[in-house]
Amino acid sequence: MSERVVGRPHPIIDAAEKVSGATIFIDDLELPGALTGVALRSPHPHARVLNVDTSAAERLPGVAVVLSKNNTPDAPFGINHKDEAAFCREKVRYVGDEVAAVAAADEATAREALSLIRVEYEVLPTVADPFAALEPGAPLVHDSVAGNIANEFHIKRGAIDEAFEKADATFADEFHTHLAHQAYIEPTGCAAQWHPDGKISVWGCLQSVFLIRTFMLAPVMGMSADDFRVTQTKPGGAFGGKLDVKAALMAAMLSRAAEKPVKFMMSLEEDLIAMRPRMPVHISLESAWKNDGALAGKRVRIVAENGAYSSLSPAIMSSIALRTDNLYKTPAAEIQGRLVYTNIIPSGQMRGFGNVQATYAWESHLDNVADGLGLDPADLRLKNYTEKGDVSLHGWKIASCAVADATRYVVREMDWKAKRARGGKGRGIGLASCIHVSGNKGFSVELGPDDTDPSSGVVRVDEEGGVEIWSGESDLGQGATSVMAYIASEVMGIPVDRFKVPPTDTGYMPFGMGAFASRITLIGGNAVKLAAEDARRNLLDAAAEAMEIPADELEIVEGEVRAKALPERKMAVGEVVRRVGSVVEGEGKWLAGGDVLDKEKYGNPSTTYSFSTHGAEVEVDMETGVVTVLGVCCGHDPGRVINRLGAEGQVEGGVVQGMSYAMMEGLAPLEGHLRGKNFHDYLIATSMDAPPIEHDFFESMDPYGPYGAKGLAEVAINPITAAICNAVYHATGGARIRTLPVTPERVLEAIEEARI
Amino acid sequence: MSTYEIKFSVNGNDEILAVRGEETLLRALRRVGYVEVKLSCEGGDCGACAVLLDGVAVNACLVFVAQADGCEITTVRGVGTEDDLHPVQEQLIEKGGVQCGFCTPGIVVSAKALLDENPEPTREDIQRGLAGNLCRCTGYKKIFEAVSAAARQMKEGGDS
Amino acid sequence: MEFLRAASVDEALAAAGDGAAFVAGGTNLVPDVLFGRKKIARAVDISRLDELRFIEEADGKIRIGALATVTDLLDSRLIRDAAPPLYESALEFAGPLVRNRASVAGNLMDASPAADLAPPLLSQDAVVELASGEGERVLPLSEFFLDYRKTAARPEELMTAVVIDPLGTADRCAYYKLQLRRAMAIAVVGVAVVLRMEESVCEQAAIGMGAVAAVPYRASAAEAHLRGKEIGEAEIEAAAAAAADGARPIDDVRASGAYRRKMCGVLVRRLLKKALGMPHAAAV
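Chains as they are written, first to last, in the working numbering: chain A, 1 to 756; chain X, 757 to 916; chain D, 917 to 1200.
Don't take every hint at face value.
The calculated lysine-lysine pairs, modelled on DSS-like cross-linking and capped at a C-alpha distance of 27 angstroms, are [what the hints assert, rightly or not]: (1) K677/A with K1189/D; (2) K1189/D with K425/A; (3) K290/A with K425/A; (4) K954/D with K1066/D; (5) K1145/D with K1189/D; (6) K1066/D with K677/A; (7) K1190/D with K677/A; (8) K329/A with K601/A; (9) K329/A with K383/A; (10) K570/A with K500/A; (11) K166/A with K383/A; (12) K419/A with K156/A; (13) K589/A with K570/A; (14) K1190/D with K425/A; (15) K69/A with K290/A.
It should be emphasised that the hints constitute simulated quantities derived from the structure, not laboratory data.
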């Protein structure tokens, strides 16, 4: 590997503006004359909306417009089910549901107007628990959806019954995960400006500027996607939560109605109670084994909490149901999933897209199995891991895989054998692994244009030798656009500090699906790499003419075109562009590999897959249940590291975010009302909680990835929860955490349960 | 509605503004253009709005702006700008201690205050010093490394 | 809301009453006003009253000015040496940005059941000094908290100082805050223990409890099992059981009442042993 740029540690390209506070986030955006938009949200988990009287609010001086079901069309939207409206119509279905919205001259007036809106509710029985929702006769969240079932499936693959009949041993477990928020520090917001030609500009902290037009703005507002120009402001964290942003719709609708620019900023409380947090799920597992530790088959039953509306939840449930089967050689499986409507905040996608939950359950179960079979948990995994060249039970094609290397690293670095021999005295270690997609074809159909999962890029070299990259894929702060700059710099021989990658903008940038499913490095990176190669060719062709040297005898080094044989014959890239008399451009597009899954969820959803193994060492206070994570050690297979500093940041951030999810987070619904409504009741890890982290990369050099790279964002978070739970199990001599989060109280209960 | 005219300096600029009694320092600073002071929790839980108030690091959301009458306020841009970065800022860049950048202005302010008080902090000192600033992206490790490196840089440079 | 900065204690007292509230660090009051949890007609800013910001030793007592911040507690050699539980509670108090503003009096006046400084102050027999236009009075902290978020201070009264007994060489003490993360956390349970020993006999015992009832309080029943006794396992067990019995904890987002009650016993047992240097199963 002789790359000049790729693989080395680099700061992210916009670090200087960020550390000096110069970055303009959505709340910092100045729109002259902008009105303030706010929403009236349901105080009830479930109620019939008998009447909405906005007349007093409309009369308040300074109020430009009040929107509600009274003056907006009945245009339901939703990615999987069209079950959500801009404003509640016949019913409110969760606390936080949008009933009305106001645009006014300032925030105080807007909030006063909200207090003047009279809503007559007939409060209905709340169905907050998914199992209660499945009971016959349970109140219906959507009157037209019998049994409250938003989605269900039942798949049998391989000789599953036989696997269990002939097994040497079988094991069963149940696990429950909680409702947890992305908890980015920047509350969500959007701004919109209606133009007299009927078109609307939208700005916001969005993960996908293109898709928000097609799945939300255009269908609800009865306009074409092209009528919206959507521009990203750099998100202050997103983690999946800023993909499905209703604030964009609120701002756009208010702006159109008021014919003025509108800024719609959510407070932190609104964000916590009315965005789309990580899905809670209840997982029953049974597995069948041979005495030597070979997995023979598994049965999984899932009840997933959809909340009030569906969003991407069916796909998340599917991910929870199938994902872990592809990490191990699984000969047979039976999978049942039911997605259940409840009167709780709609659940959605967060970093891991269900895989955090699935990996927690399965990898916790595996340690119980190892215990039962008398095998070391690391050895059990090493025996069953998938390998390069495998086609999994569900049809996943493993193009590259270094999970075993990652696990061996963790075992070595943590002094695993010696520490496993101890344990049970309040100190223990555990590990867990995961597999994750790098892009997912399913989204391309559900959210995107068709089944291509495309990305495209434009690389423009200007007359000063600067380079701008236009990509439809967005940076969420994770450094995605820096990865693009480093790839293009490598290809073009132009120093990194000459590159700019502006935030995504549908107004002039080529199409991209956006940042989710760990797709950007692989799919966006390939598109930009091709664009950079094209731009390099075009530069060399232009230079060949200007320098009267054949293009194949030229190279670009440090921003200069040089004759390979005569390095003193050279011309700065900017000069080449000036000679051409215009900007020199390159274009590239890349379509993801893999398939859209068939009706039985069979197929290869991603071009390739990434892997990781996390190990944790914990101390458990056996009397209080307080768990201290003493250290984390992990190995990741991202195919190839593009930017080492950024990759390390993904790992460290993912681990702490995962630890935080595992140990302290929770929106804590109680009878339909969330209790984690601020950052002192919704806890996330502080600097004091961050454990020491040691880690390394195991580069499998993926055949499809740019320079061999594949996704890293989500493998960085998936396994840590199970690793911590397995360490607690080891430390306590058998306290198994079956319900998240791992609070002291729950640990103490599990310790007492293990003693019985 | 009662309003009051107050005066303070922000990063050396004198500001005169009319404020309401209940207005917070955070809201007022943002209103007059110091948007580098970030608004998130407004309850003192996240530290994104940290500023130096007469040299002491505080959450701007927990101060009535009228209480700051006559004070000197320093925001992240008073600590350093792109062309004149403070060692803490330089090292946050170099060590990768910044991702989305939303918490960063507050982190810079807290780290500067920490180093002003304690020029040779241990890892634990740094952890404690930043305990009021939530970061959701980095896992904190590279921030600790950056503050530690900034301390070394300041000691060697001797001029900051 | 009217805003008035007091230039002196007298000016502050003159502006009190009629829906006024004193604001010092503002770490509780400012967001309470912003989010509409408290409606106040007038904020009387006392944050510049430097005469109320001190920590001093006088007449064998430690006097802590009302406006001493939590950071001031951490910076005080006197507190560190002569009030270790208070020092430790300050270390666990929120984070530095809040500690730099939050005042000792504010933490008590806010009257949260989980007020971090209350258990250690209670364990050191704190007395609060209250001033009003009518004059001054003193009140033991144990009589100050009346009910959930309700104190014995009248609306027009300003807390001016908190006075505690310094701990000496004959005193044994320990503190623990059970919390769901390592900083910026509201206590699940807070316990401070102080034992005054005369040879092997416990002359005085003081146990301050936080977050396990509507108010912070002294676990008097538990103390009674220790006072005047040679403390052994039996006395410790009796005190721990009494502490658990005496708690009136609620279920909330942080923990159940049952868990809190159990932890009262566990922590009192553990802190007594720690204070006395006795071996115990799991270290705090």
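Query raised in the report: Between K570/A and K500/A, does the CA-CA distance stay at or below 27 angstroms?
Result: holds (24 angstroms)
**Report entry** Satisfaction of hint between K425/A and K1190/D, Cα-Cα up to 27 angstroms
**Finding:** holds (20 angstroms)
Query raised in the report: Regarding the pair K589/A and K570/A, is the alpha-carbon distance no greater than 27 angstroms?
Result: Violated: K589/A and K570/A sit about 31 angstroms apart, past 27 angstroms.
Report task. Quickly compare the C-alpha distance for K329/A and K601/A to 27 angstroms and report which way the hint goes. Result -> holds (18 angstroms)
Query raised in the report: When you check the alpha-carbon spacing of K954/D and K1066/D, does it fall within 27 angstroms?
Result: Roughly 14 angstroms separates the two Cα atoms, so the pair holds.
Requested in this report: For the pair supplied as a hint, K69/A and K290/A, confirm whether the alpha-carbon distance does not exceed 27 angstroms.
Outcome: Violated. K69/A to K290/A sits at ~60 angstroms, over the 27 angstroms cutoff.
Report task. Starting from K290/A, check that the Cα of K425/A is at most 27 angstroms away, please. Result -> The hint is violated at about 31 angstroms.
Query - Pair hint outcome, K1066/D versus K677/A [Cα-Cα no greater than 27 angstroms] - result: holds (24 angstroms)
**Report entry** Given hint K383/A paired with K166/A - CA-CA distance at most 27 angstroms
**Finding:** Distance ~19 angstroms between K166/A and K383/A Cα, so the pair holds.
Query raised in the report: Taking only the CA atoms, is the gap from K677/A to K1189/D under or equal to 27 angstroms?
Result: violated (39 angstroms)
**Report entry** Given pair status - K383/A, K329/A, alpha carbons within 27 angstroms
**Finding:** holds (9 angstroms)
Query - Restraint check for K1190/D with K677/A, where alpha carbons must lie at most 27 angstroms apart - result: violated (37 angstroms)
Hint violations for this structure: numbers 1, 3, 7, 12, 13 and 15, all remaining hints satisfied.
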